[in-house]
Amino acid sequence: MSFPLLTATAALPALGAIATAAVPAARRTAAKWLALLVSLATLVLALVVLVRFDPDGDRYQLTESHAWIKDFGVRYELGVDGIAVALIALTALLIPFVILAGWHDADPLETKSSRWRPTQGFFALILGVEAMVIISFEATDVFLFYIFFEAMLIPMYFLIGGFGDRAHAGSDEHAAAQRSYAAVKFLLYNLVGGLIMLAAVIGLYVVAGNFSLQEIAEARANGSLDMATNTERWLFLGFFFAFAVKAPLWPLHTWLPNAMGEATAPVAVLITAVVDKVGTFAMLRFCLQLFPEASKWATPVILVLALISIIYGALLAVGQRDIKRLVAYASISHFGFIIMGIFAMTSQGQSGATLYMVNHGISTAALMLVAGFLISRRGSRLIADYGGVQKVAPVLAGTFLMGSLATLSLPGLAPFVSEFLVLVGTFSRYPAIGIIATFGIVLAALYTLVLYQRTMTGPVKAEVSAMPDLRVRELVVVTPLIALLIFLGVYPKPITDIVNPAVKQTMSDVQKKDPQPEVEAAK
Amino acid sequence: MENLIALLVAAPLLGAAVLLCGGRRLDAVGHVIGTVLAAVSFVIGAILFADMLGKDEEHRAIAQHLFSWIPVEGFQADVAFQLDQLSMTFVLLITGVGSLIHLYSIGYMEHDERRRRFFGYLNLFLAAMLLLVLADNYLLLYVGWEGVGLASYLLIGFWQHKPSAATAAKKAFLVNRVGDMGLSIAIMLMFTTFGTFAFGPVLESTGETSEGTLTAIGLMLLLAACGKSAQVPLQSWLGDAMEGPTPVSALIHAATMVTAGVYLIVRSGEIFNAAPDAQLATTVVGAVTLLFGAIVGCAKDDIKKALAGSTMSQIGYMILAAGLGPIGYVFAIMHLVTHGFFKAGLFLGAGSVMHGMNDEVDMRKYGGLRKYMPVTFVTFGLGYLAIIGFPGLSGFFSKDKIIEAAFAKGGTEGWILGSVALLGAAITAYYMTRVMLLTFFGEERWRNQPTASPADPSVEPAAEHQGAHAEPHPHESPRSMTIPMIVLAFGSVFAGAFFGIGDRFMHWLEPVTEHAHGHPPIGATTVTLSTVAVMVIGVGAAYLQYGRRPVPVVAPRGSLLTRAARRDLLQDDFNHVVLVRGGEHLTRSLVYVDHTLVDGVVNGTAASMGGFSGRLRKLQNGYARSYAVSMFGGAAILIAATLLMRAV
Amino acid sequence: MNPVNYLYLAALLFTIGATGVLIRRNAIVVFMCVELMLNACNLALVAFSRMHGNLDGQIIAFFTMVVAAAEVVVGLAIIVSLFRSRHSASVDDASLMKL
Amino acid sequence: MSAAAVHSLWTMAADPIDKIDAPKIEYGQLSPTLIVIGAAIVGILVEAFVPRKSRYYVQVFMSVVALAAAFAAVVGLAAGGYGTTKAGIAAMGAIAVDGPALFLQGTILLAGLLGVFTFAERRLDPVAHGNRVDSFAAQAASVPGSDSEKAAVKAGFTTTEVFPLLLFAIGGMLIFPSANDLLTLFIALEVFSLPLYLLCAVARRKRIMSQEAAVKYFLLGAFASAFTLFGIALLYGYAGSVSYATIAQVVDGTIETVNPALAGTMGNDALLLIGAAMVVMGLLFKVGAVPFHMWTPDVYQGAPTPVTGFMAAATKVAAFGALLRLLYVVLPGLRWDWRPVMMAVAIVTMLGGAIVAITQTDIKRLLAYSSIAHAGFILAGVIATTPDGVSSVLFYLGAYSFVTIGAFAVVTLVRDAGGEATHLSKWAGLGRRSPLVAAVFAVFLLAFAGIPLTSGFAGKFAVFKAAAEGGAGALVVVGVISSAIAAFFYIRVIVLMFFSEPRPEGPTVAVPSPLTMAAIGVGVAVTLVLGVAPQYFLDLAGQAGVFVR
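Chains as they are written, first to last, in the working numbering: chain L, 1015 to 1537; chain P, 11 to 658; chain A, 345 to 443; chain H, 1320 to 1868.
In short, the hints are calculated from the structure, not lab data.
Some hints here could point you the wrong way.
[Said to hold, decoys possible] Have a look at the derived ranges for each label pair, beta carbon to beta carbon:
no.: 1; chain 1: L; residue 1: N1244; chain 2: P; residue 2: S636; range: 38 to 46 angstroms
no.: 2; chain 1: P; residue 1: S78; chain 2: L; residue 2: L1054; range: 26 to 34 angstroms
no.: 3; chain 1: L; residue 1: N1244; chain 2: H; residue 2: G1400; range: 45 to 53 angstroms
no.: 4; chain 1: P; residue 1: P488; chain 2: L; residue 2: L1489; range: 37 to 45 angstroms
no.: 5; chain 1: L; residue 1: N1244; chain 2: A; residue 2: N370; range: 54 to 62 angstroms
no.: 6; chain 1: L; residue 1: V1062; chain 2: P; residue 2: N13; range: 34 to 42 angstroms
no.: 7; chain 1: P; residue 1: H121; chain 2: L; residue 2: V1318; range: 35 to 43 angstroms
[What the hints assert, rightly or not] In silico lysine to any residue, SDA-like type, Cα no more than 25 angstroms apart, as pairs:
no.: 8; chain 1: P; residue 1: K172; chain 2: P; residue 2: Q581
no.: 9; chain 1: A; residue 1: K442; chain 2: P; residue 2: G624
no.: 10; chain 1: A; residue 1: K442; chain 2: H; residue 2: D1337
no.: 11; chain 1: L; residue 1: K1084; chain 2: L; residue 2: E1229
As the structure is a prediction and not an experimental result, all values here were calculated from the model.
Ideal placement from N, C-alpha and C gives every residue a C-beta, glycine not left out.
Based on the sequences and whatever the hints tell you, model everything.
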């Protein structure tokens, strides 16, 4: 019985959350530091996982397996493949920045009754989300995954609904209404998705008799478990629906702009960069492995939806007046790319998609957090309220530009690698879709540069004339992210090395081969 | 030797990193660092050149593999360089002209408090451009391709507080993105066709695939070239790009970056050779742009915009040549190099003029400047002679060759292309003469009338003590600015002869681009003579119009064509109406759709559910007896249903 | 006489009682209707008991009466207290809680 | 009372009587019920003889002890294997002592214990004339607002009768699920219904509503039990016996000795079907299934909240227990007749409850409708007609009852001048005022909504799984849909508590005595434990999943 590394990685933040919540009301700063330290410790653990993981080893490593709910055929089974490792690392990496960026977001405005402890709650919830996300990346038992896939909605829900921008602090009734609307919308969308998935989960149990991903996948592979075509398709749809809501895929996306718009920037990052990744990750791990045939059957539709997401999201981003909503729609567009990469069913596509999840996490974090700093200074989310910031706060503008360039996936920055892989991967099997998707890169340039131009350039607006440049804390948040963007853009090998074997596995699960180049095919 | 190649890129990259991250403490020395590193890169280039000359033709190309960039199943992208004669030509041009312009900028940007950043951007550009020409595969080239785009974006918008500058920068980037789309699709096609996108394998195995595929790839590459090299239909950004500081216009939008399209096509020669349709398209684009740019150039009063038009048209020549295939490649590159010299020279001259004229750009407010800024006058004049193809100067050699080649294409195409090229030569002569006359000859129109254009912020303090309406005091520019101009002037005088005589340049490039001699239906001499002839005509016309008569300070309304030309032949308005307006409408309506339809459906169901609930709960009317009714009815139904179940 | 007729009678009584519950307003009357239904049940039980020739039905009938008595106790208590506090025994008046 | 015994008595009448053999009663196996009912009777005596001041303490003490003892007895029996191997029929066929019976009795007893705690709470209402008061009328007999009432309050009277009544109700509930013949079923039904009718009527605040609730509950309850009884009569007519076993045999046609007199009716399936339907209807009334649910919201709202909590939890448990036994022991032969009908009932119940709840504005009514929806979910498990189905229902009932009692206990804490502030608008911003209470209530709501890591999810999963395996996939789909709808209004309350600004004149949260705290604490603990590690209890329910015939 070796040390349960994976459990520890998930348990640490969970315990940290409890501890943070328990900090007395007066000791706010202590709670913050505690949360930060815990998240850093988690990062360390995640790195240990990263190191201990052997790309050429078994598919699932560091596995743990304990009996849990026998009657439901549920086991506490953890295990990570390359994709999971990458995403766990991403999560553990982002949380400290999220915490640091949200350092003052939850300071109580006026001294409420001593028992009301927003700050403790805020950071505890963040850690709670981290714990749940990590364990759902680790779970190799469908039921275990489902539990946390659903449960993580609750802390997210409180994070969105409970803590708004400083700009629209609680006092403002309208903003509060907006916020709780966004929170409820987030919860209901995902809950409905989750419940439909629950039906599918139960159906899966009826068909398969247990929930172990590996057992079922093997049984599917060696034919000892064959589902009726229709059953498989229904189950697939049940699963996919939930993931498509979470991802989010057009036309199930409308909760994201509200949620990201109303939540504070760090929480918005948490949503789009961390939590939503569970959705795309689950498509890759569960949909394809459990229902290969159905996945192939659904591919055309899904690809078209993904394509719509890409173009539609980008176009709407162009039309936004609100910085955060703009970033949200941009994310929708990017998730379109990820899903497209997954279902293109080519090595490049899926490696690209996985890489994309990581890169999008980092780039969106960079852009959104800087935007958050900007908003916290001026107290408005409207693009029109800014202008000429570049002159008064050059560093802020510079980092913002880097974030924007990453978002439009400029070559040399990380997102380019993944986006191009996805495009190539899709193109090689579905040229038309690949070409249309390429329009996305033009639109991406459009909305990011328009945003930059309207906020950062031009004559200095009176309201921003006194705007301070980035503070040390904020620099500490942004700089590493940007450095990472550049590094992974120039040298993504470390990640691809981990991811490739897992992708190869998935490809074999769905029994798909990459299309051969014309020339070699001719030979 | 191979290992030097990386340094070539690394030096300016280092410069960019240091200058951009260094912060204010480097403000004092920033420009020095930048210039030195550019020069370092030039020196390395020179060393490599010398080494290359030392080898015999076959073994001149060298390569360096740095590391595997994106290793994914069935997909291999490396960071690897290849340096052959073609790349070398560019390396020298880029680093050479680049260094000169760094030097020039020291003086030009003296008063700008953000000079450090300016040099950072310039270095960034050098690095990206070198990456572009040194890459040994299309994906890495793509990185450089977009890198130079970024640099140009940053530099055009360098004076970001000017909305016009910011807009121009954005426009440039966007239009280029459209081109980039072409490039990335081309790369994807290569990947699916050849399973790789490294120059070597792709270009060798062109024979193994259908012409259709190659045509597609070719057209996509052409699209990319159009974006980067401001060819019709993607040329609209270049004029606005003149918002950037003049050295930028000289380096990026005249000498180097805009010629990247030509490089791309020549580099992909084998693909085009195997795809005649793509070639034809290329020549057409070249020819059209050549005229388009020339015409626009005639109408502009803004000296930089006039030069920009000329750049467009000159690159049109190069693209045309490149489209002609093996008979044109060499001349395309040759013209590219000579053009690099004289056009850069011209821009620097223009910059120097503006520098002396409180950044006035309207030529109608110049005049008679030759005695105030002699050096500028001489250098500019030499560049002028070069570009109009005055016999013996560099422009003459390169352009004449292209016109010959155009005729040599043969058939009606040949005639059409050739005559277009000739016409272009005439117009070139016309508008360049116009520029020359308006600027340096005639009476001094800048006296006692206010400087309209807002003073450039970099000289704001100066502008203040002069007062906004003070009349300018034309003066020669500082040494650091004149030296580069002089050097470039030398280039524009002798480069052509040096390359052309004895076909030196041809032999130099042949191993890479393999050259085929084209024979124009009407002998080469005839072509040459007619070239000179039309040139004289053009000059004459311009002299009659601007040399003899006084030039009105306020531009006359002018003919329909003139007015259209002033507005870039209206295509900008077209873009605005169709793309911008249309796009705005599209997005606005989509936002509406998203809110009402997509979101509405969900909210609608929720609302209807609520309404249903509201109606349903009316049943709960509080009367015990009605509850009893429902129970009784329920019981009845229950019994009936049970009996029914048995019945069926 | 055919014992089945007793069943029909029982059914009839039961229905009458049920109808009464549905249509009468006065709580007492409603309650009496319920009692009527219970007695209909008794009749049915006894009739069946006779038909089957075993005593269970009759025994149950006794139990039913006891239960009915108990119900009266509880019911009257409740109804009376209601009547005293609102001076009306109409079940329709007692409709504060609805929707 | 078994039919056979009576019969022999009657026939022997002619012969000279030498001895009457007393019926054989297994006191040990009946001990839980006997203890509770005994305690109830003693409770009555206490009311008669113990001085008023000390009654409260004596009653509370006795009730707690009795229930604890009864629970101990249940545990003892279960440990003694009466739930599994030694399961059998006691009291000459009247009572079944088997797994489901013991499991449900245990649940009911625990619920009852928590119920007693909430009944005994005396810290919530402000002290009246120097006496701490509970949530029951000083003198139920006195007219609301009359002088006699004031006098009673002044004198510090309290209705300590509620404790014996509670015990009687519990006693009836203990018998209900273990009743093994229709007569016992009917008696048990009345024995636990009548005290509940009374308990509904004795609220301290809002007495008019309380009485109205009682009247409605009583009239409709009596109406329903009349149907039940008629159904019993018909079944008796069909089978010539009220014993489950015999009826089952007659239904299956596997009865050995056919009395010629029976032959006539035995064939007549109309009797059987109508009778069965009517009996089932009586039980559906008790569980509050659509369309027999309409009493639920009004009664839940009007009754004193502790009573509501107890009722909502224990009645459901008992009624579902009886329903299970009826359907699994008596009518398995009719499965193909009642299954589709019950499916329809389950579907309308799930949807109806969830949909109507959306627009509720009173927290107690809201919980009432939610309990209707949950009845639907449980029915889904009942319909599975597999051992898994039984155990899933048992588990669900266990989990659900604790959540319910806890939730209603929390409701008792939120008060303003007029007693409990049950209107939702008053709950706005509760999370800001007293985060702990709000958080606890949120946990209960999430459990109701079936969010993972709460007992609600485990239970829901269990029943849906059983239903799916039992071939009722449609129910699962409807189930998840109505869960989604239901989630909406649970979340509405959470939003209200946490995200809306507190009203200045909002309610205060009373600090309860350890009694209510215990009730709530146990509720939360069970909710979370069953959510995270349900295996042990699933095993329990699984072992208890077999009925004795």
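Status of each hint after checking the structure:
Taking the beta carbon of each, N1244 of chain L and S636 of chain P are about 45 angstroms apart, inside 38 to 46 angstroms as hinted. For S78 of chain P paired with L1054 of chain L, a C-beta distance near 32 angstroms keeps the hint of 26 to 34 angstroms intact. For N1244 of chain L and G1400 of chain H, the Cβ-Cβ distance of about 46 angstroms falls inside the hinted range of 45 to 53 angstroms, so the restraint holds. Taking the beta carbon of each, P488 of chain P and L1489 of chain L are about 38 angstroms apart, inside 37 to 45 angstroms as hinted.
Between N1244 of chain L and N370 of chain A the CB atoms are about 60 angstroms apart, so this pair conforms to the stated range of 54 to 62 angstroms. Roughly 37 angstroms separates the CB atoms of V1062 of chain L and N13 of chain P, a value that falls within the hinted 34 to 42 angstroms. Judged by the Cβ atoms, the range 35 to 43 angstroms given for H121 of chain P and V1318 of chain L is violated: they are separated by roughly 56 angstroms. Our distance criterion of 25 angstroms between C-alpha atoms is met by K172 of chain P and Q581 of chain P, whose separation comes to about 24 angstroms.
Taking the CA atoms of K442 of chain A and G624 of chain P, the gap is near 12 angstroms; set against the 25 angstroms cutoff, the hint holds. A distance of roughly 63 angstroms separates the Cα atoms of K442 of chain A and D1337 of chain H; the hinted pair therefore is violated under the 25 angstroms criterion. Between K1084 of chain L and E1229 of chain L the alpha-carbon distance is near 16 angstroms, which keeps this suggested pair within the 25 angstroms criterion.
In terms of the numbered hints stated before, the structure departs from hints 7 and 10, listed from lowest to highest.
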